[in-house]
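**Student:** Below are the chains, spelled out letter by letter.
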Amino acid sequence: GAVVSQHPSRVICKSGTSVKIECRSLDFQATTMFWYRQFPKQSLMLMATSNEGSKATYEQGVEKDKFLINHASLTLSTLTVTSAHPEDSSFYICSARPGGPYSNQPQHFGDGTRLSIL
Amino acid sequence: QQPVQSPQAVILREGEDAVINCSSSKALYSVHWYRQKHGEAPVFLMILLKGGEQKGHDKISASFNEKKQQSSLYLTASQLSYSGTYFCGTSAGGTSYGKLTFGQGTILTVHP
Numbered sequence: 558g559a560v561v562s563q564h565p566s567r568v569i570c571k572s573g574t575s576v577k578i579e580c581r582s583l584d585f586q587a588t589t590m591f592w593y594r595q596f597p598k599q600s601l602m603l604m605a606t607s608n609e610g611s612k613a614t615y616e617q618g619v620e621k622d623k624f625l626i627n628h629a630s631l632t633l634s635t636l637t638v639t640s641a642h643p644e645d646s647s648f649y650i651c652s653a654r655p656g657g658p659y660s661n662q663p664q665h666f667g668d669g670t671r672l673s674i675l
Numbered sequence: 752q753q754p755v756q757s758p759q760a761v762i763l764r765e766g767e768d769a770v771i772n773c774s775s776s777k778a779l780y781s782v783h784w785y786r787q788k789h790g791e792a793p794v795f796l797m798i799l800l801k802g803g804e805q806k807g808h809d810k811i812s813a814s815f816n817e818k819k820q821q822s823s824l825y826l827t828a829s830q831l832s833y834s835g836t837y838f839c840g841t842s843a844g845g846t847s848y849g850k851l852t853f854g855q856g857t858i859l860t861v862h863p
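Line by line, the protein sequences give chains A and B. Offset between the first sequence (1-based) and the working numbering: plus 557. Offset between the second sequence (1-based) and the working numbering: plus 751.
Bear in mind the hints are in silico, worked out from the structure with no lab data behind them. These figures come from a predicted structure and were not determined experimentally. Don't take every hint at face value.
Away from chain A, derived, C-beta distances all over 12 Å, residues of chain B [claimed, not checked]:
1) Q756
2) S757
3) E767
4) N772
5) V794
6) L831
Here are the simulated DSSO-like pairs of lysine-lysine, each with C-alpha atoms no more than 27 Å apart in a straight line [as the list claims (entries may be wrong)]:
7) K819(B) with K621(A)
8) K788(B) with K612(A)
9) K621(A) with K598(A)
10) K850(B) with K577(A)
11) K598(A) with K818(B)
12) K850(B) with K612(A)
13) K598(A) with K850(B)
14) K819(B) with K577(A)
15) K623(A) with K810(B)
16) K577(A) with K612(A)
17) K623(A) with K612(A)
18) K819(B) with K801(B)
Quick reminder that beta carbons are idealized off the backbone N, C-alpha and C, glycines included.
Isolated chain A, as found in the complex:
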């Protein structure tokens, strides 16, 4: 159980393109999902918390107009990197947490999306 699917797994595109990444919880509902960015051999850095039916909460230093998050249902959150540039190239990982907003359940991670901007 607790499977999270993330698509696409890899994206290579030109500078200026917008890229959408989907994160789905397949066998549970998740009021809250999280988006992380991970640089090679580094830790997971939280970008934003995605809340179903309300606006996402962004961490300090993360541009909300650059990284658009939509959490339209209890099983789907999307991250859109708008007008992507080479410095946005990274490994983006989502996670979903079963239960409501104050759940003690652990986060379960998707397989990540490797984004390369040329």
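For chain A, the structure is supplied; the task is to place chain B on it using the hints.
**Tutor:** Frame of chain A, contents of chain B only:
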């Protein structure tokens, strides 16, 4: 603030034991442990909630000392499959409830 993990890297032979530590400068509500293999998603190992509990999962166990704001992950009789990067994720509760701040990771390599 990011928790600090030690050691940064461990090299073991199959069957040996290891301890990975996670320390925070903030009061903690919970500690989550994950293992990530190269190019893959982090896999949940266990969660420890405020209360100083200890948990076990096969030959992997963990403790949480909330007074010292520390957690330790114990791997006994290591197997090849234990290789990977181990992350602790800490939650401070309050307005940060449910959000995890991850340590820098500990690279564990198990050799035959």
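**Student:** Would the hint linking K850(B) and K577(A) be met if the CA-CA limit is 27 Å?
**Tutor:** holds, 23 Å
**Student:** For the pair we were handed, K819(B) and K801(B), check the Cα-Cα distance against 27 Å.
**Tutor:** holds, 12 Å
**Student:** According to the definition I'm using, a residue is off the interface if its beta carbon is farther than 12 Å from all beta carbons of the partner; does N772(B) meet that for chain A?
**Tutor:** holds, 16 Å
**Student:** Next pair to validate is K598(A) with K850(B); report whether the Cα-Cα distance is within 27 Å.
**Tutor:** Holds, because 22 Å separates the two Cα atoms, which is no more than 27 Å.
**Student:** Between K623(A) and K810(B), does the CA-CA distance stay at or below 27 Å?
**Tutor:** Not satisfied, since the Cα-Cα distance of roughly 44 Å exceeds 27 Å.
**Student:** Taking C-beta pairs only, is E767(B) more than 12 Å away from all of chain A?
**Tutor:** holds, 24 Å
**Student:** Just to be careful, I want the Cα atoms of K621(A) and K598(A) compared with a cutoff of 27 Å; is the pair within it?
**Tutor:** Distance ~26 Å between K621(A) and K598(A) Cα, so the pair holds.
**Student:** Does K819(B) pair with K621(A) here, judged by a C-alpha cut-off of 27 Å?
**Tutor:** violated, 36 Å
**Student:** Using Cβ atoms and 12 Å as the threshold, tell me whether S757(B) really stays out of contact range of chain A.
**Tutor:** holds, 14 Å
**Student:** Regarding the pair K623(A) and K612(A), is the alpha-carbon distance no greater than 27 Å?
**Tutor:** holds, 15 Å
**Student:** Is it true that the CA of K577(A) sits at most 27 Å from the CA of K612(A)?
**Tutor:** holds, 17 Å
**Student:** Using Cβ atoms and 12 Å as the threshold, tell me whether V794(B) really stays out of contact range of chain A.
**Tutor:** violated, 8 Å
Checked against the numbered hints given earlier, this structure breaks hints 1, 5, 7, 8, 11, 14, 15; the rest are met.
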